[in-house]
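Q: Listed in order, the protein sequences are those of chains A and B.
Letter 404 of the first sequence, counting from 1, is numbered 404 in UniProt numbering, and no numbers are missing.
Letter 389 of the second sequence, counting from 1, is numbered 389 in UniProt numbering, and no numbers are missing.
The set of hints was computed from the structure by calculation and includes no laboratory data.
Please read these numbers as outputs of a predicted model, since none were measured by experiment.
The C-beta atom is built at its ideal place from N, Cα and C for all residues, glycine as well.
It is possible that part of the hints are untrue.
Stated by the list, open to error - Simulated restraints on C-beta separations:
| hint | chain 1 | residue 1 | chain 2 | residue 2 | range |
| --- | --- | --- | --- | --- | --- |
| 1 | A | I394 | B | R309 | 57 to 65 Å |
| 2 | B | L96 | A | H59 | 50 to 58 Å |
| 3 | A | D118 | B | A235 | 52 to 60 Å |
| 4 | B | P471 | A | K298 | 50 to 58 Å |
| 5 | A | L91 | B | S94 | 52 to 60 Å |
| 6 | A | P471 | B | D47 | 16 to 24 Å |
| 7 | B | P471 | A | T429 | 32 to 40 Å |
| 8 | B | P471 | A | L91 | 23 to 31 Å |
| 9 | B | A312 | A | D118 | 37 to 45 Å |
| 10 | A | K441 | B | A5 | 52 to 60 Å |
| 11 | A | K298 | B | G307 | 39 to 47 Å |
| 12 | A | P397 | B | L96 | 30 to 38 Å |
| 13 | A | T9 | B | H59 | 51 to 59 Å |
2 protein chains.
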Amino acid sequence: MSSVAVISTLFSAEKWSDNDALLDEYALALNGSRCRPAAIVWPENEDDLLELVNAANHHQFTIHILAQGKNWGYGTAQATASDQVIVNLKLMNSVLEINEDDAYVRIQPGVTQSQLHDAIMSNGASLQLDITAAGKHTSVVGNVLERGFGHTNYSDRFGSVLSMRVLLPTGKIIETGMGAYQQSVAKHVYPYGIGPVLQGLFSQSNLGIVLEMTLALQPAPDFDLNIVILCKSYADAPKVVCEMARLKRLGIVTSGVHTASMARAMGENAKNVAGAWVVTTTLSGPKSMAKARYREMKKSLNKTVPGLRFVALTRQRWNIIQWVNKYLKSPHIESLKIVWDLKQGTPTDDAIKTLLDHPTAHSQMKTKDFPAYFRWICAVTSSKTQDIERMLEICRPLFAEHGYEERYTMTNVTERAVVLIANIRYEKTPESVVRAKAFYKALDTALLEQGFCPYRSGSGLFGDIYPYIEPNHLALLDQLKKAMDPNQILSPGKYWCGQLPSQPQPQPQPQTEKVDREMLAKADG
Amino acid sequence: MSSVAVISTLFSAEKWSDNDALLDEYALALNGSRCRPAAIVWPENEDDLLELVNAANHHQFTIHILAQGKNWGYGTAQATASDQVIVNLKLMNSVLEINEDDAYVRIQPGVTQSQLHDAIMSNGASLQLDITAAGKHTSVVGNVLERGFGHTNYSDRFGSVLSMRVLLPTGKIIETGMGAYQQSVAKHVYPYGIGPVLQGLFSQSNLGIVLEMTLALQPAPDFDLNIVILCKSYADAPKVVCEMARLKRLGIVTSGVHTASMARAMGENAKNVAGAWVVTTTLSGPKSMAKARYREMKKSLNKTVPGLRFVALTRQRWNIIQWVNKYLKSPHIESLKIVWDLKQGTPTDDAIKTLLDHPTAHSQMKTKDFPAYFRWICAVTSSKTQDIERMLEICRPLFAEHGYEERYTMTNVTERAVVLIANIRYEKTPESVVRAKAFYKALDTALLEQGFCPYRSGSGLFGDIYPYIEPNHLALLDQLKKAMDPNQILSPGKYWCGQLPSQPQPQPQPQTEKVDREMLAKADG
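This is chain A alone, in the form it adopts within the complex (with noise of 0.2 Å):
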């Protein structure tokens, strides 16, 4: 029996679809590769989903797991192979509890960052969102899982989580933390538990189904600074990004920092703006601490790079400022509201309007609709300086070759790790579109060979970094999938848990545009 057979003696009409034009949709990732679904199911509740998983071990088929689908520069909703079921989580889309005493949110994957701010918002409770630029319509859970990094003192969100409710893919369900006892005070409060810590088995990868997700929030703070700090030359970044590292390993900066090449944090605004990099970060606290926190950071960074500038915004300073732009419509200012709102934990579409450099740009879009193609590369390295200018010394010349603007952010994802961010935008062209996938290979292979390694990936890419993980490492992810998922009905290769299926993974050529082969070719060797 085919899967959207089974499907379909299993949900109602309502519940799933094999329309082609939805297949095609979901087929599309945003950097205009394809492959696509058997069909597409929303399960209402644990209930359905649970009646899928059994189904799938049954009848053999595979599923793939979204919480939203909108994993924008990673492989989007795209599954692992084509012909797999994809399985979107959306109408999973419960917020089940609010805990301003013990500071903390259970939530289900469908939960959007603009949904959980608004309860939070509208239930009154005194508690900051640490959100990402992708949107307001983007999972909180599915980024979270995949270990994206924020904005505040929370910003190393996988480390906020406290337990997980998940589905394991033999159709039972277990709870992490202290929900390996069947009764404790602390069930959401303590993450790891008793014996083995078992969260990070379910972040990226396809070993379950997280059904529910405790996050700690941080409490809203008394008073903050929000710090713009612009660097006037090229070379400052790596000094600023490795001196940044110390203060938040000295307690003196405690938010994510983002580093941000002038044309990554402007767009087509950055011709107009003196400087190479802006600098973004929170001190937060009592009025006195944060005070305190600023005149040690700005008295630190003034010694180690002469010449930077900053901008130091109170809510009462940004109120006057934005009062002033209802008239001068400034688009630095624009660009500066991104910060306001990241770094207050409001989720905004504006840093995608900056990143596909258009103005309607929004996260409900569907990825056909987007007005341009891109994909993210990412790599981590240590927080010190010359490993950063190696790093960047990289990425510039390839850049400079391939014929793009050099778009990155660095951030210093925890007080000794940092991570680069780079993207382009492209034409919706086939000649684009090969030309910027021999640009992500170029710099892709050049990263990783130099030890410059990803912090994620996604459908489509796992294979480029294959080659670069350890065989001891690769045997055991291969053991742990197959005692947890034995008829691998779960995303089989994502993240290298189990053998990508021999089936066609997702292919760069756009179906509703001829490309020429031996572009493709070309771009491929």
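Starting from the known structure of chain A, arrange chain B on it as the hints suggest.
A: Quick look at chain B alone, frame taken from chain A:
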């Protein structure tokens, strides 16, 4: 072929032993129970260990790994059942790297707290250890893997693990974090790596043997205030602990906070001190920030619990006090010295002396030479005042009923969770062992029944917790164990991974002393 026969062919005489007296020594736990191993092996390096693991797989015998074997209060050096081969890694004790720039160390499992402290001091690195009160000669890696906690900003010791090198029971070696890649610039600084996060699998488990650990260290702070707070009334503690959790969430308090009952803090000297609880923490950072923290903390605590007494010690003040105490010899100052040393990351055996009320107890003492027995009981609670009160209300009448002094600490181990550690010391007579066992059983059960569950366990203690673990969780642990250790060579049953063998498990009767079996049976019932 017996395990001993195999080992005798593999290793020269100085690397192993089945000497009777030695086996007796390893058999005895500090709670007075015994579990005799078949032999002891001391591998000198990874090759020795690999050979042993391969032999165990080939000849089907069971090994049990110790870092040093001083897991006092949680089963000491006992294996999960008798006749296992105990593998003590004390000779694998290299400090492999002290990295001041990135603020971490890389160490082997045999490295002790004192050894690491001395290595950092003689290297001149400006780094501060986070230590436990267990003493100078206990293993750093061993305690971190059991998720012990300390006293500084890095008190969540397991949360400070950046990477591990692990020998799997199948004989393969993997590295966690960025070690998933064959080569990574960020190898020891980004713990999540790519794909599933595997680190947690090797903590509180029998799924691998940790060969090396990279541990993040706190840069030695410019300035710190060691804070001691005295609570007059028994009822104060739950409110203080709850408020401390809130202050931790606000970033005002960042170190571990320990709230000890007077009997626990002062031992026999408690009788001479007015007050019910002693709270200790450290506020560190640049001087301006540490002082701002202190003002905020004091203001909040005074508002929550009137009548607290605060002592804030700088190094300068402490030096004066110590100088004066040369003449005074006050036991209060002696107790304060323990706190000072712990907060500074200076390993000390003084806490053991307090714990056992014995002036000559030390961390190199053989278990049989300890002047008394004891065991820990631990329980995790939320930081809510009413949960903490409820927990103490369970303990208090049981301590009274069984006639023991209330000795506890409550530690704010994270920003949301609190761990209670209770203990009693008892005489090494059969009667007091039996009496203690009855007390532990009553307290364990009462806490577990109300959802106050242990964060940690140990050999001989797993059976009591087993009925409270979720069945699906047990099934998953079993799947993982079978996948990763198909021949069950590594401590089967540890933390419920795999089945406890049907061999005799650790028994409460001291072999060298006669015990009234009827009394024991009564205690069991």
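Q: Taking the CB of D118 (chain A) and the CB of A235 (chain B), does the distance hold inside 52 to 60 Å?
A: Between D118 (chain A) and A235 (chain B), where Cβ atoms are some 40 Å apart, the hint is violated.
Q: Just tell me: holds or violated, for the beta carbon distance of P471 (chain B) and L91 (chain A) against 23 to 31 Å?
A: 29 Å, holds
Q: State, for the Cβ atoms of A312 (chain B) and D118 (chain A), whether the hinted interval 37 to 45 Å holds or is violated.
A: 44 Å, holds
Q: Assuming the hint says 57 to 65 Å, is it satisfied by the Cβ distance from I394 (chain A) to R309 (chain B) or not?
A: 59 Å, holds
Q: Is 50 to 58 Å respected by the C-beta to C-beta distance linking P471 (chain B) and K298 (chain A)?
A: Holds - the Cβ-Cβ distance for P471 (chain B) and K298 (chain A), about 56 Å, lies within 50 to 58 Å.
Q: Taking 39 to 47 Å as the hint, is the beta-carbon distance of K298 (chain A) and G307 (chain B) inside that range?
A: With a Cβ separation near 40 Å, K298 (chain A) and G307 (chain B) satisfy 39 to 47 Å, so the hint holds.
Q: Between P471 (chain A) and D47 (chain B), is the Cβ distance one that fits in 16 to 24 Å?
A: 20 Å, holds
Q: Taking the CB of T9 (chain A) and the CB of H59 (chain B), does the distance hold inside 51 to 59 Å?
A: 53 Å, holds
Q: Given a hinted range of 50 to 58 Å, is it respected by the beta-carbon distance of L96 (chain B) and H59 (chain A)?
A: For H59 (chain A) against L96 (chain B), whose Cβ atoms are near 51 Å apart, the range 50 to 58 Å holds.
Q: Between K441 (chain A) and A5 (chain B), is the Cβ distance one that fits in 52 to 60 Å?
A: 57 Å, holds
Q: Do L91 (chain A) and S94 (chain B) keep their Cβ atoms within the hinted range of 52 to 60 Å?
A: Given range 52 to 60 Å: holds, Cβ gap about 55 Å.
Q: Starting from the range 32 to 40 Å, see whether the pair P471 (chain B) and T429 (chain A) falls in it by beta-carbon distance.
A: With Cβ atoms ~57 Å apart, the hint is violated.
Of the numbered hints listed earlier, those contradicted by the structure are 3 and 7.
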